[in-house]
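Here the protein sequences come in this chain order: A, B and C. Per numbering that gives the first Met the number 0, the first sequence starts with residue 0, numbered consecutively. Per numbering that gives the first Met the number 0, the second sequence starts with residue 0, numbered consecutively. Per numbering that gives the first Met the number 0, the third sequence starts with residue 0, numbered consecutively.
Bear in mind the hints are in silico, worked out from the structure with no lab data behind them. There is no bait here: all hints are sound.
Ranges of calculated distance between the beta carbons of each label pair, as one might list FRET restraints:
(1) A:P117 x B:S70: 42 to 50 Å
(2) B:P150 x A:Q106: 43 to 51 Å
(3) A:P117 x B:G310: 47 to 55 Å
(4) C:D195 x B:S51: 45 to 53 Å
(5) C:R231 x B:R442: 24 to 32 Å
Listed next, the in silico SDA-like pairs over lysine to any residue satisfying Cα-Cα at most 25 Å (straight line):
(6) B:K549 x C:T104
(7) A:K4 x C:G277
(8) A:K4 x B:Q552
(9) B:K456 x A:E123
(10) C:K11 x C:G44
(11) B:K372 x A:D99
(12) B:K456 x A:S116
(13) C:K11 x C:L262
(14) A:K4 x C:A270
(15) A:K4 x C:F88
(16) B:K549 x C:D195
(17) B:K96 x B:E153
If you only want the chain C side, here are some residues facing chain B, beta carbon under 7 Å, derived:
(18) L93
(19) G95
(20) I98
Because the structure is a prediction, the values reported are computed rather than measured. A virtual CB, placed ideally from N, CA and C, is assigned to each residue, including glycine.
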Amino acid sequence: MTERKIRVLVGKPGLDGHDRGAKTVATVLRDHGMEVIYTGLHQTPEMIAEVAAQEDVDVVGLSILSGAHMALFPRVKSELAARGMGEVLLVGGGIIPPEDAEALEAQGYARLFGPGSPTEEIAEWIEARMSERLAGEGGRA
Amino acid sequence: MSANTDAVTPVDTRALWGEAMAAARLREASFTTLSGDELQAVYGPADVELDSERDLGWPGQFPFTRGVHASMYRGRLWTMRQFAGFGTARQTNERFKFLLDHGQTGLSVAFDFPTLMGYDSDDAIAAGEVGQVGVAIASLADMETLMDGIPMGEVSTSMTINGPASILLAFYIAAAQKQGVDPSAIRGTLQNDILKEYQAQHAWLVAPEPALRMITDMMAWCSAHAPQWNTISISGYHIREAGSTAAQELAFTLANGMEYVRRGVAAGLDVDAFAPRLSFFFDSHLDFFEEIAKFRAARRIWARKMRYEFGASDPRSWMCRFHTQTAGVSLTAQQPENNIVRTAFEALAAVLGGTQSLHTNSMDETLALPTEKSVKIALRTQQIIAEETEVPHVADPLAGSYFVEAQTARLEAEAEATFAEIESRGGVVPCIEAGYFQREIHRSAYAYQRAVEAGEKRVVGINCYTEEEPDGPPIEVHRIDPRVGEEQTDGLAALRARRDDAAVGRALDAVREACRGTDNLLERFVQAAHAYCPLGEISAVLREEFGHFKEPQIL
Amino acid sequence: MSSAADIVERLKAGERAAVARLISWAENGDPRFGGALGALFERVGRGRRTGITGPPGAGKSTLTNEFTGLSRAAGRTVGILAVDPSSPFSGGALLGDRIRMEERTSDSGVFIRSMASRGSHGGLARAAIDACDVMDAFGFEELLVETVGVGQAEFDVMEAVDTVVVVLCPGAGDGIQAMKAGLLEVADVLVVNKADVAGAERLLTDLEDAVSLRRRAEGAWEPPVVACAAGRGEGVTGVWEAVERHRAWLAVDGHLEARRARLRLAQVRGAVAEGLDGRLWRSGGLDERARALLAAGETPYDVAAELLSAVSAGSVEPEEVSGS
Ligand SMILES: Nc1nc2c(ncn2[C@@H]2O[C@H](COP(=O)(O)OP(=O)(O)OP(=O)(O)O)[C@@H](O)[C@H]2O)c(=O)[nH]1
Ligand SMILES: [Mg+2]
Chain A
0 MTERKIRVLV
10 GKPGLDGHDR
20 GAKTVATVLR
30 DHGMEVIYTG
40 LHQTPEMIAE
50 VAAQEDVDVV
60 GLSILSGAHM
70 ALFPRVKSEL
80 AARGMGEVLL
90 VGGGIIPPED
100 AEALEAQGYA
110 RLFGPGSPTE
120 EIAEWIEARM
130 SERLAGEGGR
140 A
Chain B
0 MSANTDAVTP
10 VDTRALWGEA
20 MAAARLREAS
30 FTTLSGDELQ
40 AVYGPADVEL
50 DSERDLGWPG
60 QFPFTRGVHA
70 SMYRGRLWTM
80 RQFAGFGTAR
90 QTNERFKFLL
100 DHGQTGLSVA
110 FDFPTLMGYD
120 SDDAIAAGEV
130 GQVGVAIASL
140 ADMETLMDGI
150 PMGEVSTSMT
160 INGPASILLA
170 FYIAAAQKQG
180 VDPSAIRGTL
190 QNDILKEYQA
200 QHAWLVAPEP
210 ALRMITDMMA
220 WCSAHAPQWN
230 TISISGYHIR
240 EAGSTAAQEL
250 AFTLANGMEY
260 VRRGVAAGLD
270 VDAFAPRLSF
280 FFDSHLDFFE
290 EIAKFRAARR
300 IWARKMRYEF
310 GASDPRSWMC
320 RFHTQTAGVS
330 LTAQQPENNI
340 VRTAFEALAA
350 VLGGTQSLHT
360 NSMDETLALP
370 TEKSVKIALR
380 TQQIIAEETE
390 VPHVADPLAG
400 SYFVEAQTAR
410 LEAEAEATFA
420 EIESRGGVVP
430 CIEAGYFQRE
440 IHRSAYAYQR
450 AVEAGEKRVV
460 GINCYTEEEP
470 DGPPIEVHRI
480 DPRVGEEQTD
490 GLAALRARRD
500 DAAVGRALDA
510 VREACRGTDN
520 LLERFVQAAH
530 AYCPLGEISA
540 VLREEFGHFK
550 EPQIL
Chain C
0 MSSAADIVER
10 LKAGERAAVA
20 RLISWAENGD
30 PRFGGALGAL
40 FERVGRGRRT
50 GITGPPGAGK
60 STLTNEFTGL
70 SRAAGRTVGI
80 LAVDPSSPFS
90 GGALLGDRIR
100 MEERTSDSGV
110 FIRSMASRGS
120 HGGLARAAID
130 ACDVMDAFGF
140 EELLVETVGV
150 GQAEFDVMEA
160 VDTVVVVLCP
170 GAGDGIQAMK
180 AGLLEVADVL
190 VVNKADVAGA
200 ERLLTDLEDA
210 VSLRRRAEGA
220 WEPPVVACAA
230 GRGEGVTGVW
240 EAVERHRAWL
250 AVDGHLEARR
260 ARLRLAQVRG
270 AVAEGLDGRL
280 WRSGGLDERA
290 RALLAAGETP
300 YDVAAELLSA
310 VSAGSVEPEE
320 VSGS
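Model the full assembly from the supplied sequences, consistent with the hints where possible.
In structure tokens form, the structure reads like this:
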């Protein structure tokens, strides 16, 4: 048990039930050797942040297709911060217009993936960002 | 007089073709269906085993493979029904009037997520979602606004809602009554297909068993009081959009349909009293011939099941009538204008497959709510098929095509195998609880995604013929005014202030009583609607009495 | 980067994030973990440790959630460790047990941690024990460990607990399969879940027969066979009572001490094995030596003998693992 694995939470905030993308991405990340905690549907920002904290994840990925991202994504961010998880790599996906994506990136979201983003690209991007971070921490967290 | 000398020495033309084929150089491509099944290069008589009387019949005749009406589109074109709904009831009411003015023939209501999940617009959990993907209807008052100035005895309205479907129908009935229209005169369809919610779309209120009871109560009430109302629109659409194959869409949907019939019969209803009011809702995806075959197979399977397995004797009980929507998942955010073309092919497949009504997606649906212009183009797409292509003149024009008949038979056989599988796992509800459908759908979605990323399945603008996207949304995107949430919340607060609290309390008690006993729940919901009980308060009673459903873990 | 002392203070101050981080250290074999646990060790040992294992889909998470409900109703806090297998192909894992326990997310008296088996030499049992120790030190009173009973690594996880509940259900894991898999050997309580499903009765009697036929030493514990329908919340109290009976048995005649001694030994063995592994193979250069000897035409056992004697002669000088 000595390898450092990337731990990711894949969360579905809000009321929409479209989990096709979230589940596919979760599976692809698993195939890239990551340990993925999938929260299930209909999560509040508080629940997502609490799970992220208990699981001590490195990455939180949110998927939303209901148009409520501007209401929910910032709340996830602040709930995470309230639990000492402000450093977590935060990404999102779904139907997010570019100007919203910009606003969220300004608030600390590392990257927003739009519809049609190749899942391989998502996985590789996370791997690259995490290996930078881990190198910065001398190989461990 | 020997024009036909070839007949003397018969040649095996099939074998000749085979040789030519073996010698031919083929393109680098995967020749499979959209679902990844290998296709032959050509189909011939040996590929179909067809008894035309038994397997096809004629349009309007058992087993309805060729269509449910004798005259098909010569009698009446399909209903052009565009799904609409956003923001407040007032805004959607205006959009409805716009669509009716432009020749649309039926209304279709999309609800926002809080409504779909049975929460009031002012519930904390609804923050940011009110009016986003559909209209917020929190009480009879909102329903009255939605239908204001629209004659409820004349239009046909489709409401896409499931978990709290009975409650929304109660609002609709009550609004009609307030317009002076008797329930017997209302026409329309409620989606009300809770089984596929657990399987694919995931907007439920309570656990499957009590949810099914609400449905049988509704079937009983409507067969007595609202005989023109289609009680369930058994939907493959969401199963497909969640990632299933065409074969899974077909099999799961029909399995769900049969489950509703079983439940109705078990509740003591005569099958012919409610089955004619069941209708279906399918996806039309880009695999043109497979889709046409799917529609034909659906009619044939349903007719056979209803007649031979459930003993229905009214031919209307045998008919699989269905609405179709073009595939939202086939649209791309990249080069969105291409979506007009995709949608046109899908719409044509639906018409060739004999659909009763059709929704064509707007090109910008993957980006946000469609704009008025793109909605109009989508509607015009249907009108072009109807008026310019001359396609609607002939019923089931592809019957007898070796390929289409072989595909139809294959899909039927695959569906039968799936029914057996579901049966062996204890039936539809146990399969839902165990996550069987969910897992199957996820697997297909995952396989498809991998195929696209590996380039085995080509998608224009995604993995071929890509372009650098301009900055910003390439087309105009319709946005919901964030004040919609406030407006809704204020409206609800005003409603709570002016309603008769004692009457609300009594109505909710009656609902609770019905949950515990055997009173018809829809009857109680109609009373609660008239007392202006909000959706969330009624739903809360149901959740307390019936318990939650937790999604099974399938990953 | 926090130090062991830091995190120990944060844990003592009741910060749940510290629990989470310490478990990560345990999982990753972080050299800071040993010191941290040492500083907390006097607080370890109060929590009651129950394992829930059985075939996939038997209802382990559902039952774990029910146990949690009973414990919370009795005013006891609960720490849960949910172990799922890693993919043998990618080494990744999908950890989904907590979906069944979702309602506990907002309960501050419950802490749930998912752990992937990572399929490595006995290290899983060590990490599971470590994780329980951390939750125990924090003060969680009931410690529940769920793991699917499929492979040896998952089996070893049961070393971490005092009472092993084996959950079976009709269909998926019948009695014979369970016996073959050795599940009966580890069981302190045998549960037939999904009593509402056809075949449950049969499974119950099969298991009762199997248990009564087994040879047992004088005074040894005889696992009770209990039926429930966890999915409907039926019969769960009976199962929990069986767990309590086993605990009462543990409490006398030094049974609990014997179990805990075994647990500690497993923890030490795990830590030593991993430590040696890391030192010898990763930083001690044994790999290269073995490769060289094999390339020189020696047989595998000759190479092994040579390396072993080199190790015992102390001629392998492992570099100190940096940063500890
Ligand atoms: N009929 C019935 N189903 C149950 C019962 N308990 C659990 N289930 C169902 O069994 C399925 C598996 O339950 P889980 O609790 O996730 O099982 P598990 O053993 O934790 O599964 P894994 O962690 O995936 O190995 C779920 O669909 C539950 O709803 C029961 O008492 N009766
Ligand atoms: Mg589990």
